[in-house]
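J.: Here's the letter readout for the chains.
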Amino acid sequence: MLHTINKSPFGNSSFETSARFLQPGDPVLFIEDGVYAVQANNKFSAALNEILKNNPVYALGPDLNARGIAEITAGVKSIEYEGFVELVEEHQVNSWL
Amino acid sequence: MEDDEIVKKIMHVMRKAPHGTIYTYEGLEMVLIMAAYDQDISVAFIDDGVYALKIGQNTEGIEMKGFAKTFGALDGYDVEKLYVDQISLEERGLTEDDLVVDVEILSSAEIGKLMTEQDVVVHH
Amino acid sequence: MDIGILVKEGPYNHQASDTAYKFAKAAMKKGHRIDAVFFYNDGVNNASKDMDPPQDDRHIGNRWVELCQKDKIPMMVCIAAAKRRGIVDDVLIDCGEITGLGNFTDIAIRNDRLMIFGD
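Residue numbers (our numbering), protein chains in the order written: chain S, 1489 to 1585; chain X, 141 to 264; chain L, 17 to 135.
Rather than coming from a laboratory, the hints here were simulated on the basis of the structure.
Treat the hints with caution; some may be incorrect.
[Stated by the list, open to error] Which bits of chain X does chain L cover? Going by a derived footprint, with three or more residues having C-beta under 8 Å, they are:
no.	stretch
1	145 to 154
2	170 to 181
3	249 to 263
[As the list claims (entries may be wrong)] To give an idea of the chain L side of the interface with chain S (calculated C-beta under 8 Å), a few residues:
no.	residue
4	K24
5	Q31
6	T35
7	F39
8	A42
9	A43
10	K46
11	R49
12	I114
13	G118
14	I132
15	D135
Glycine included, every Cβ here is placed at the ideal spot set by N, Cα and C.
Bound conformation, chain S alone (with noise of 0.2 Å):
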């Protein structure tokens, strides 16, 4: 199942929520707000790196771009929207607001 999380993780806990509930090989995907959870060396950046030991984690790169983060956390792959409609066909998808 895909997770999608779209607030920063500094004024919503929904990515600290979320990580609770991932099964192992689930994908994450940030975007919208959700991609300042992967800018290098943030406080969450410790969080993420648990998440990534069993799951792979995704960053929609238009809303990187769109807030100035170039840097970050290494494993996190930059994807397209081409890429989050790739992930949806393979997996149902959880939407955390």
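Mind docking chains X and L on chain S? Use the hints.
T.: For chains X and L alone, coordinates are given in the frame of chain S:
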């Protein structure tokens, strides 16, 4: 109903407090409509969503419709699978006795596993 | 694949309408079918025909009309959510239709995926 041979597993997730925003109320309205469609419906209460079930809510003074009782009556609509995230409850200093309805209190991992079994998950 | 889309926030106020549109375009480009866009919560404001953003900004209302007219995607507005917010037939975008949550239930049931955007 045109698709009545298909039964899908649909989980609604309440993650927001009940009155400050309309999401939980309109989420409940959606649950009530879907309940008429003979689908396999469940509702999970996570984070501030657990406050929707708190006993003793009196909305008279804010002139909003209270709807905790409606959550309590969902079994009358054949929506019997109500799951509450244990950590969310504990974090808020609540126990099962603080809730208006009998629910299944599960670990986040257990609810997470149920999520992966769904055809549709709708967060409200 | 058949995909239904639910938009839960108003245009401009939230990025949801933009992400939903971009996703729909990308999905169609890859050969998928968008079955319908359903507007709920403040998302019903997406169906207002009176949007008039500055000329150098995207026109979100026109995007929905484009998806409806060119790609034949129904634009459905939840009646209960719309009535609360004063979204009635007179103010609807071309080919917007006010309908019930029963129709949304059908969308959730009959499609391979339901994509949800908003808060």
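J.: Give a verdict on every hint.
T.: Hint-by-hint comparison with the structure:
Counting residues of the stretch 145 to 154 of chain X whose CB lies closer than 8 Å to any CB of chain L gives 3, so the stated coverage by that chain holds, three being the minimum. Requiring three or more residues with a Cβ within less than 8 Å of a Cβ of chain L, the coverage given for the stretch 170 to 181 of chain X holds, as 6 such residues are present. Counting residues of the stretch 249 to 263 of chain X whose CB falls under 8 Å from any CB of chain L gives 3; the rule of at least 3 is met. Satisfaction of the interface hint for K24 of chain L is found here, the shortest Cβ-Cβ separation to chain S being roughly 7 Å, below the 8 Å cut-off.
Annotation: Q31 of chain L was flagged as interfacial toward chain S, and the flag holds, the nearest CB pair being 5 Å apart, inside 8 Å. This hint holds: T35 of chain L has a C-beta 6 Å from the nearest C-beta of chain S, less than the 8 Å allowed. Interface restraint check for F39 of chain L: the shortest CB-CB distance to chain S comes to about 6 Å, inside 8 Å, so the restraint holds. The interface hint given for A42 of chain L is met, as the beta carbon of that residue sits about 4 Å from the closest beta carbon of chain S, less than 8 Å.
At its closest, the beta carbon of A43 of chain L sits 5 Å from a beta carbon of chain S; the interface hint therefore holds under the 8 Å criterion. Interface restraint check for K46 of chain L: the shortest CB-CB distance to chain S comes to about 5 Å, inside 8 Å, so the restraint holds. Look at R49 of chain L: its Cβ only gets to about 12 Å from chain S, farther than 8 Å, so that hint breaks. With its C-beta approaching chain S no nearer than about 24 Å, I114 of chain L sits outside the 8 Å limit, and its interface hint is violated.
Nearest Cβ of chain S to the Cβ of G118 of chain L: about 22 Å, over the 8 Å cut. The hint is violated. Of the supplied interface hints, the one on I132 of chain L holds, with its beta-carbon coming within about 4 Å of a beta-carbon of chain S, less than 8 Å. Below 8 Å, beta-carbon pairs count as interface contacts, and D135 of chain L has one with chain S at about 5 Å; its hint therefore holds.
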